[in-house]
Amino acid sequence: MISAIGGVLLGKEHEVRLALACLLARGHLLIEDLPGMGKTTLAEALARSFGLGFKRVSFTSDLLPADLTGLNVFDPGEASFHFQPGPLFSQVLLADEINRASPRTQSALLEAMAAGRVSVDGTSHALPEPFLVIATQNGLDQGGTSALPESQLDRFLMRLSLGYPPRQAERALLLGEGQRPDGIVRAFGPADLLELQDRCDHQHCSPALLDYVLDLLERSRRQPAQGHPLSPRAGLALVAAARAWSLLEGRDHVIPDDVQAVLAAVCEHRMDGGQRGSSDPELSQRLQAGVDGLR
Amino acid sequence: MDFGRPQQGERVRLRMRSLYILPTRFGWLWLAGTVLLQVVGIQMQSNGPLLLSFLMLSLFLLALHLTHFNLQGVELSCGVPAPGFADAPVAYPIRLRCPGPSEGVRLRLAGKEPDLPLSLPPGEHELLLRWSPPGRGWQRPGLLRIQTTAPLGLFCCWARWQPAASQLIYPARRAGPVRLLASATAPLVGERAVASQRDGSDDWRDLAPHRPQDSPTRLAWKLLAQGRGEYTKRFRDLPEAAPLLAPEPGVPLEDALEHLSERIWRLHGQGLSYGLELPGQSVSPGRGLVHRDQCLAALAWCR
Amino acid sequence: MSRAAAPLQWLTMGLLALGLLGLTPTLSLSLLAVGLVVLTALKLREARRIEERRTVALLQLVCAGLLAALQPELGPSLLQGLAILLALAGLLALELGAGPDWRVLLRRSLQVLLAALPIALVLFLLLPRMMPFTNLGWGQGMGAVTGLSDTMEPGAIARLGVSRDAAARVAFPGGGGPAPMDQRYWRVLVHERFDGQSWRSTTPRIGIPPAALPVEAPQPARPGEGIQLWLTEPSGLAAVPWSGRGRPLSPDLRLRRNGELLNQSPGSQRRVYALTDSATPDDWRSQPPRPINLALPRGENPRLEALADGWQRLGDDRERLRAAERWFRSQAFRYTLEPGPLPRQAPLDSFLFETRLGFCGHYASAFTTLMRAAGVPARVVSGYRGGQWIQPLGGTGYVDLRQADAHAWSEVWLQGEGWRRVDPTAWADGDPLASAAVAGVSRSSTGPWGWVQQQWWGLDVAWARWWLGYDRDRQEALISRLLGDRRQWLGLVVLLAVGLCLAASLGGLGWLGRRRRGDPLRLELERTLRILADQGVTPQAGETLPDFAERLAQLRPTLASPLGAFVALYQRQRFAPGPSRARSKETRRLGRALRRSLKNGESVREAVQRGRS
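Chains as they are written, first to last, in our numbering: chain A, 1 to 295; chain B, 1001 to 1303; chain C, 2001 to 2613.
Worth double-checking, as some hints may not be accurate.
Claimed, not checked - Beta-carbon label-pair distances, calculated as ranges:
#, chain 1, residue 1, chain 2, residue 2, range
1, C, GLN2535, B, ARG1266, 54 to 62 Å
2, A, ASP215, C, THR2538, 12 to 20 Å
3, C, ARG2589, B, LEU1116, 44 to 52 Å
4, C, ALA2568, B, PRO1089, 49 to 57 Å
5, A, ARG104, C, ALA2553, 53 to 61 Å
6, A, ASP201, C, ALA2568, 19 to 27 Å
Note that these hints are calculated values from the structure, not bench results.
Just so you know, even glycine gets a beta-carbon here, dropped at the ideal spot from N, CA and C.
All chains should be built: construct the whole structure from the sequences, respecting the hints.
Pasting the structure below:
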C-alpha cells in the first residue's frame, strides 16, 4: 500500500510511511509545507486507500465553527429545528489550509479532534469511528494566515513537511508518470484500519525501551534553552507513533530505532512552538543526539 | 583556597597537574580529633579509642584519594549558551564528561555562591550555571571553579577554568518611553481604512443579499423571521497595527535600548506584531519567537 | 545535603545517649563524656550550615571513642560501633548531594568503614604502643557493687539480699577446667583484723600508684600449661578472685603474702587478667602466721571463750579443730539468709548458744573467733564459692560466678601443713552448696532467656580474650612471631602493609562504584563497546545499536556476521516480549565470540601493518 501511495507521491516514501503510522496510531496529522508540494494529494491518497468516508473542507477566513460542526436548521415545513451534520461528521476530514481560518474556527475543530464529539446548542453528537483529521497548513511566510497556537499544535500527533522531491522523482513527475489519487485502488477497508489500530496498541514496549523514551523526555525538560519541554502527552504520542512504526516495520515489539524514526515528526512541532521553519528538524535531532541510543 | 593556574580553552580535561587538593579546616579538626583519641587510648590503655583513632586516620588517607578521584579525568567543555537578558541571572551551559562517578561536585562562576553539590554518574552531563552579566552584547562569564569535598569533607579538591564560549546578552528590560514610527502595513492617516480590511469573522460589518453558496450560519435569521428577505451577515477582521519601534530621542542610547527591550518583550507576550528601526539597521514588522529574538539581538549589537 | 542527614545525626546522638546510661556517674571521665555528648547534642540543635554539621559528626566520633574507653565490653562496643557507622553516614549525607536516602548512605558508610578497616587494623596491631604518660588516677572512685566488702560484720546484718548479678567469669582457654563443685572456692579478701564486731581486711584500696612496686614482666605461660582467663565485674576492690593456685601472667597482678591477688591496672572498670592453671608451690600457704592471727578482744563473748578454753587443753591444733567440728555438728545450727540482727553485747555468744541461725559470715566469724580463743591462728577469707560451669556453642567453657555465690570461710594454721581452708558453713543444716550437691543439680538459669544469656557471655569471654586482652605484651609477642629478631624492619613493614591495604581498599571501592547493577546483557554490550572504544570506534551521539552495527560492518567487513548475529539476538532479547534465559545465555556467548573476533581482527590488522612496514 505504501508503494501505491508512493506512486502518487513520487520520492516521498518516508513521509508516506510516517503519515500511515500516524493514522494507525489514531493520531491527527498536520502536513505543513509551501503550496504545490503535494500535501493535499497525500491526504487524499491516504483516505482513499482505506476507503474511508472522506470530506474535504477548504478553510477560509470566513469559515465559521458552525460550518464545520453543522447546525440546527429551522424547517419551516415541520416548524421545528433538526440537526444537519457538518463536514466534521466524516471518517476522514481533510482540513485544507487550516491556517487560513480564523482562530475561533480552528479551536472548534481542534476541540472536536480532542474530544471525539461535538456539541451544538447543548446537544452532544458523537463523531464517527475512526475519526481522523488530516490538516494541511501553508508555510508561515505566506500572507493572510493565522498560525495555530502552540497548545493546539499539541493535538496533532505528527507534523510532516514534504519538501521538494528528489531530482529523479521530479523528472518522473514532469513526464507525467505519477498517478492521480483518485486512481488509487482501495486496498483495505475501514474495519481493517480499526483492526490495525488495535494491533498497534498491543505492540510490546520493553522496560529498556520505555527507559529510552523517558530519558528523551527528561532531557527535553532539563534543557529549556533548546525548545519547549515535552509534555506527558508528547510522551504518549511518541510511544503510540513508535508502536505504529514498528508495526509497519513488521515487528511485534518496539525498538529505539522506531522511536528515532518518528521523533522528528512527533516532537518537532511540540518543541519549536510552531515558530521555526518546518524544514529545520534541528531541535529533535539535538534531542536525539543528547540521549544514548544504545540500549 | 582559591589559587592555582586557570586552565584555558574550549575543552579542558582535569588531570593531576590541573587539580589542586588540600585538607579543609574540617580535615585539620579531624586530625586533631584523631590525636585526641590516641591520647585517650594510650592514657587509659584501652583498645577502643586506639582502634577508632587509627580508623579515622585511615579514613583520612582514603578520603585524600577518593576526593581526588571525583574530579580526576573529568572533561569540561562549553555548551551553546542561549541568549539572556542583562537584568536577570542568565544560564550558562557547561558540559561535563565524567569517566566514573563524580560526587559532591560544585561549580561556581566568579563572584557567585557555589551551587549545591551534585552527584554525577559516569557519562555526559550538561549543567546550567547562573550568572549575572555586566551588560549587553557578547559576554563571557569569568573564571569557573569546579570543586568537591565529597565523600567526607576532609579534603577540598578543585580546578579553575576560563570557559571560552561567549553568551549573547540582550539589554535589560526597563519600562520607559519608546518612539513609535508609523508602520508600513498600518493605514496611513487620512486614507480610508476600509481599503485594507479583509473579510473575516470577528466584527459584524454589514448585510448583503444572500447567495446560495453562502453558509447558512451567516443567514440573518432575525430578518428572515420578520419576513424582510434573506440576507447574509458580513464580518470583518480588524487590520493589525504593526508599529515600528525606535529609540526615543532625548534619552541616552543605553536607556532607550532597555526601554525597547521591555516593549518588544511586552508586545510579543501579547502576540502583537512590531518592527524595529535602529540606527544602522532595521527589522521589518512581524511576530513570533524568531522575530522577537532577531529584534532583541539587534538591540544587543546596536552601537 | 541529603534529607536523611538530620535523622541520621539525631539517631547517632540517641545511640550515644544510650551508651551514657551504662557509665558510672562518679568517675571523672564519665562526667567528661556526658558533658561532651550534651555539648554535641546542643551543637546539633543549633547547627544550620554544613560546616557545623560536619563538626557535629566529628564530635560524635570522639564521643564514641570516649565511651569505648569507658566501656570496652562487648555489648557497649557493638553499640559504639553502630554509632560510629551512623555518624559516618551522617557525614556522608552532608556531602553527597540531595539524592541518596538513608539506606544508600548506610551502605556507603559501611563500605567506607570496611575499606578503612584494614589500614586501621595494621596500625592497631603493629604500631608499637606507648605507656601512659602519667597516672592521673582516672580509674578511681568506682562504686563498690559486689557482695564482697573489705569489712565483714555479720552481726549487723539482719537479712542478706541475694543478687543474681554477674560477678565474674573464669574461662580455661588452654583446656582444663575448674575443681569439683565442693572444692570450688575462689578467694578474694583475707580478713585478719577483728575488733569483736567486724572483720577487716588489710587490702589497700584501689588506686595506689603501681609505680612503687617493682614491675617485672612475668614469665609467659609455657606451652601446654593451662590458663585461667578472668573477667571480673567492677568491684571497687583491688583484690580480685582467683583459685589460690597458679602464677599471674600480667605485670599488673601482684600476689600478697596472705594469698590475696591484687590487680593494679588503672582505668578500666571491668578487669581482665590471666593466671596459669598449673599447680605451683603455694607460697602464701606456707607463710607463717603473724600475731594478728591470734589477736582477740578478750571478754567480749564470755561463753565462747569458756568453750574455747576447754579445747585449749587439748594438745594439738588438729585435735582442737576436730573438737570444734564435732561441737558444731552436734548443735542444731541452721543456715538461713534471714537470721535477724545480733545484740551489740556478746553477739557471737548469742549466735552460738541462742539463735544458732546464720549465713556464711556468722559461721566463719564465730568459728575463727573460737579457733583464736583456743590458740589456733585463724583468719576469715571471703570470696566466691561454687559457680556454674557453662559450655557455650562453639567457644571455650567458663565458670559463671554470681554475686549470690559470695561466701566467707576460715583458714587455720596447722603446724607442718600451713594454712588450711575450713568451711564451717558446711557443718550447718541447710547449707545451699551441700543441698545442691545432694540434689545432684547445680542451680541453673533455665528457659530460653537463660540460654541466650549464657551464649552471650560465651561471646563475651571470647571478646575479652581476643580484644580486651590485646595489650602491649600480646603485641610484642605478635611482632616477635612475625619478625623474629629483625625488629628494625618493623617501620618498613608497617608502611608497606598500610600502602598495600590502601591500594586494595581504593581498588575495592572503585570496583564497587563501577559495578552497576542492571541487565547482564547490557553489561555484556558495554564490555564489547569498551573493546571497540579501545580500537577507536565509538558510537555517535544518540546512535542506536543497529545503526552502529551497520556502520561498523562497513568499517570492518570481516566483523559483519558475528556482529549481525549478536545484534539481532541482543535486540530481540532486550525489546521483544518474553525474553528467555536461554536466549540471554546465547546472546552472551555471541558477545564473547564477537569480542574474540574483534581482538583477533585487531591482531590481524597489526600483522598486516607490520608486514607492510
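To see whether the hints hold, each was checked on the structure:
1. A C-beta distance of roughly 58 Å is found between C/GLN2535 and B/ARG1266, which places it inside the suggested range of 54 to 62 Å.
2. At roughly 19 Å, the beta-carbon separation of A/ASP215 and C/THR2538 lies within the given 12 to 20 Å, and the hint holds.
3. At roughly 46 Å, the beta-carbon separation of C/ARG2589 and B/LEU1116 lies within the given 44 to 52 Å, and the hint holds.
4. Between C/ALA2568 and B/PRO1089 the Cβ separation comes to about 51 Å, which falls inside the hinted range of 49 to 57 Å.
5. For A/ARG104 and C/ALA2553, the hinted distance range of 53 to 61 Å is satisfied, since their beta carbons lie about 56 Å from each other.
6. For A/ASP201 and C/ALA2568, the hinted distance range of 19 to 27 Å is satisfied, since their beta carbons lie about 26 Å from each other.
This entry satisfies every hint, going by the numbered hints stated previously.
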